[in-house]
Amino acid sequence: MFDRYLLEDDTFANVEVDGEVVGWKIGARIGYYRGLGLSMIELSLAVDGSPVPPESIRLQLHGADYRLSEIEDVLDDRWGFSETVILFVDQPGGLAPGEHEIAFEQSLRISYLAVPSVNRVSRRLALA
Amino acid sequence: MFDRYLLEDDTFANVEVDGEVVGWKIGARIGYYRGLGLSMIELSLAVDGSPVPPESIRLQLHGADYRLSEIEDVLDDRWGFSETVILFVDQPGGLAPGEHEIAFEQSLRISYLAVPSVNRVSRRLALA
Amino acid sequence: MAVHDIKRGVSLYSFQEEVFLRKLTLDDAVRVCAEMGARGIEVIPEQSFDSFPNLTDAEIGGWHELHAKYGTTPTAYDMFIDLKRRKDRVMTFEEGVESIVRDIKLANKLGCTSMRVIVNTPPEVFEAAAPYAEEYNVRLGVEIHAPMRFDHRWIQQFLDIVHRVDSHYLGIVPDMGIFVREFPRVVAERFKRDGARPDLVDHAVKVYNDHPDDMETLTRELAWRGGTAIDVAFANNVVGYNYVAPETMAPHVPYIVHIHAKFYEMVGDEREYSIPYDEIVPVLIAGGYDGYLSSEYEGNRHIQDVRPVDSVQEVAHQQRMLARLLGEETTTGGSR
Amino acid sequence: MAVHDIKRGVSLYSFQEEVFLRKLTLDDAVRVCAEMGARGIEVIPEQSFDSFPNLTDAEIGGWHELHAKYGTTPTAYDMFIDLKRRKDRVMTFEEGVESIVRDIKLANKLGCTSMRVIVNTPPEVFEAAAPYAEEYNVRLGVEIHAPMRFDHRWIQQFLDIVHRVDSHYLGIVPDMGIFVREFPRVVAERFKRDGARPDLVDHAVKVYNDHPDDMETLTRELAWRGGTAIDVAFANNVVGYNYVAPETMAPHVPYIVHIHAKFYEMVGDEREYSIPYDEIVPVLIAGGYDGYLSSEYEGNRHIQDVRPVDSVQEVAHQQRMLARLLGEETTTGGSR
Ligand SMILES: [Mn+2]
Ligand SMILES: [Mn+2]
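Taken in order, these protein sequences are the chains called A, B, C and D.
Residues 1 to 128, numbered by the working numbering, are exactly what the first sequence covers, in order.
Residues 1 to 128, numbered by the working numbering, are exactly what the second sequence covers, in order.
Residues 1 to 336, numbered by the working numbering, are exactly what the third sequence covers, in order.
Residues 1 to 336, numbered by the working numbering, are exactly what the fourth sequence covers, in order.
The following block holds chain A by itself, in its conformation from the complex:
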């Protein structure tokens, strides 16, 4: 219901640590009319048509820094309806300057639905 708003364009950037680019990040919203516990959420990213390896993605929320593979066990943290999470991709050197096609998919395990609700968006964004 909010597919078009799932990625926050102006948060797309390479990430520097101690003067070195260690990866890139983008802010994301939850495509649902309420927040949801992290254990019920599966995410994936692709850049310019290539899937980002799940093991290199981290979800940053409420000061925590979750590996994507961890979140199915997180029963005590929620992605709030109004909150932006930062998806950080561990990729030394980051992304090349310029535009990239960022595809984002969320699969939400909503208990009153027979099958997970899948939200998708793909946007052409310029690195900030």
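If you're looking for bench data, these hints aren't it; they were derived computationally from the structure.
Mixed in with the good hints, there may be bad ones.
What the hints assert, rightly or not - Here are the simulated lysine to aspartate or glutamate pairs, DMTMM-like style, with alpha carbons at most 20 Å apart:
#, chain 1, residue 1, chain 2, residue 2
1, C, Lys23, B, Glu72
2, C, Lys87, B, Asp76
3, C, Lys206, D, Asp213
4, C, Lys23, B, Glu42
5, B, Lys25, B, Glu99
6, C, Lys87, B, Glu42
7, C, Lys23, B, Glu83
8, D, Lys87, A, Glu72
9, D, Lys206, C, Asp214
10, D, Lys192, A, Asp3
11, D, Lys87, A, Asp3
12, B, Lys25, B, Glu42
13, D, Lys23, A, Asp9
14, C, Lys87, B, Glu72
Unchecked claim - Derived CB-CB ranges, DEER-like:
#, chain 1, residue 1, chain 2, residue 2, range
15, B, Arg124, C, His163, 54 to 60 Å
16, A, Gly49, B, Arg4, 51 to 57 Å
17, C, Asn236, A, Ser122, 25 to 31 Å
18, A, Thr84, D, Ala58, 39 to 45 Å
19, A, Gly49, D, Ala58, 43 to 49 Å
20, D, Glu35, C, His211, 30 to 36 Å
21, A, Ser122, B, Asp48, 18 to 24 Å
22, D, Asp166, A, Asp90, 57 to 63 Å
Claimed, not checked - Sample of chain A residues lacking proximity to chain C, with all beta carbon distances greater than 10 Å (derived):
#, residue
23, Tyr5
24, Gly19
25, Arg34
26, Glu42
27, Ala64
28, Tyr66
29, Leu68
30, Leu95
31, Gly98
32, Ala114
33, Arg123
C-beta atoms are modelled at their ideal positions from N, C-alpha and C, and glycine is treated no differently.
Assemble the complex: chain A is given as a structure, and chains B, C and D with the ligands must be docked to it using the hints.
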């Protein structure tokens, strides 16, 4: 409706050409109660949990040797109900001796169904 | 028993398991039908001939020899129309007509005088095929297959054509699977073996057997009862079946070209587990139907995981039941 | 106009678009409702409070201050039960009770005296929550949401409990989306813009508007008419709506705890495009309903691709319609 019979166990073997192992092959059947034109068929293979790159798979039928990517345009050849096709995988050196888990999926675009019919089987087979 | 001229036959569809497994040849299949007194043979050329649609003269000759040898006769040709043959677009009207005309000509070569027109055929293609049907003496009948029913708007389009064109060559092929009163237990049991939750399967079967008017809610309902993917798959399977009263067929009997005597599981020679043939046959007799009741066994896929499928035996059971319901005293013997 | 005590309210669900886009604060939302004379505020804590379920005392205090400031009052708390919280298993009964009791306590803190119990709640959890509902003075009503209807077997389980337990604290929350007589055109138009075939969408809408008893066949029917994935998705969407006659609600009015005045598109102040509120309100008045009609706008997702959503304006339209139907002369002014 014939998932369990889709792979012909005794056809699973490495393939030698001029004394050199160039790949491996397995015989497959169509999981439907009639034959179907090749343009309506999509196939995939995985070995021991890893997908086989589609570009290295060939489908051998009626003396022809189709790349998987070609078959969606083949309007004049059919996979008959009683026929075994040979799936040949281009892989120099072939598979290691012993057992392998072979997963096979067919997606059949059957015109009276709303969505393609997907047939799957996974079998632990020993190289002949 | 009223006088009637209903004949018994078998669709080779019934033997798909053994044919797939190369345990039964075309010759075997026709022979066993003849042995059962089922003289009408229905064929799916796309199943029986790998050379389809380019059957050789030898194959066609062999087919006719087979019938001469066993005293059988070809009945219906089951056609398909591959509207989605191309990935990027559906067939045009012209391609559709070309496809059905190809089938009509081949049906004629095979000696089939009727054709099961599959339900997804565009009505305008069905209508456009009428002159060819007449020219090649092949009566076309659109299949009324579950979950369709006679009064469904999709079927109504074909009935409108049948009534309007008023040709001997356009009609219907009802599949008796539209009269599934009890949900087939072989299907339910297979889903349980495949991991569906037994209580949810039983609930869905109970709901089906009540024939409510809200079957479209079954998927949600099973999910709310804690169902997962396999249970939801069962719900989606269940809504593919349907039941209407056999009497709803009565006004349509004059237009019946051929009949699929669908069945899932015979209870001995006595009855089909799901479908009330003892109520169906009288409707056909009363309406003056004079074509074939063609056995269409579809149980193999539901039992193949636990026991070898014996399609021939299953068809024999149904044929004995049909013979009895049709009043063929000598065939049924003392079976009751 | 008969005397009645039905009150007007708004669910904050209605403003999801602007809240998501951070264009409307909680303060704004409550204020605009007050300005419309809609004094009852329904809340989805999991939407309005990112800290859920651990709201701070400051947040709870702020919530009460807001109502004091605008003269509004909290009405229903919309609860969810995450039965599939864990990937490997569904919640146990005990976990379910723990979840609803958590919500009942929080509802009490928020001053909500009723709770929308979501439809997938296990009936035994609903029943087990009754003593807590009484202790914390929160009336529980299971939501009857499309495509459910009062006589559906899933709902019947809850009605059986409501009748048997006979407590003021157990009842129902009907969502007026069960009375969708005309398929919402905003939904159909959105699917067309997203690539569904216009003629197929129009056909499906026509089928829906006839309210046939075979909606489960719609997917197949669209496929046979040449539909592809997006058309099939539309068919699956359509079967999520439903229509039953407003009078079917009459016997259930005594058990109504709260009402979702669902709407998709207002035609000015006059009427909702799909749902016959002019027939619904009299049923509620005749039955002596004395709770809230709580606006639940759900049109945003269908128009957000073509124009900015103005949920406040949409709710205002519905509130003026409701005021008129409720006989609040001064509010409606000369709007007819
Ligand atoms: Mn049939
Ligand atoms: Mn609602």
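Here is what the structure says about each hint:
no., hint, verdict
1, C/Lys23 - B/Glu72, "32 Å, violated"
2, C/Lys87 - B/Asp76, "15 Å, holds"
3, C/Lys206 - D/Asp213, "18 Å, holds"
4, C/Lys23 - B/Glu42, "28 Å, violated"
5, B/Lys25 - B/Glu99, "14 Å, holds"
6, C/Lys87 - B/Glu42, "11 Å, holds"
7, C/Lys23 - B/Glu83, "14 Å, holds"
8, D/Lys87 - A/Glu72, "7 Å, holds"
9, D/Lys206 - C/Asp214, "18 Å, holds"
10, D/Lys192 - A/Asp3, "17 Å, holds"
11, D/Lys87 - A/Asp3, "24 Å, violated"
12, B/Lys25 - B/Glu42, "17 Å, holds"
13, D/Lys23 - A/Asp9, "17 Å, holds"
14, C/Lys87 - B/Glu72, "7 Å, holds"
15, B/Arg124 - C/His163: 54 to 60 Å, "58 Å, holds"
16, A/Gly49 - B/Arg4: 51 to 57 Å, "36 Å, violated"
17, C/Asn236 - A/Ser122: 25 to 31 Å, "29 Å, holds"
18, A/Thr84 - D/Ala58: 39 to 45 Å, "22 Å, violated"
19, A/Gly49 - D/Ala58: 43 to 49 Å, "47 Å, holds"
20, D/Glu35 - C/His211: 30 to 36 Å, "51 Å, violated"
21, A/Ser122 - B/Asp48: 18 to 24 Å, "32 Å, violated"
22, D/Asp166 - A/Asp90: 57 to 63 Å, "60 Å, holds"
23, Tyr5, "27 Å, holds"
24, Gly19, "49 Å, holds"
25, Arg34, "18 Å, holds"
26, Glu42, "15 Å, holds"
27, Ala64, "29 Å, holds"
28, Tyr66, "25 Å, holds"
29, Leu68, "22 Å, holds"
30, Leu95, "33 Å, holds"
31, Gly98, "32 Å, holds"
32, Ala114, "4 Å, violated"
33, Arg123, "26 Å, holds"
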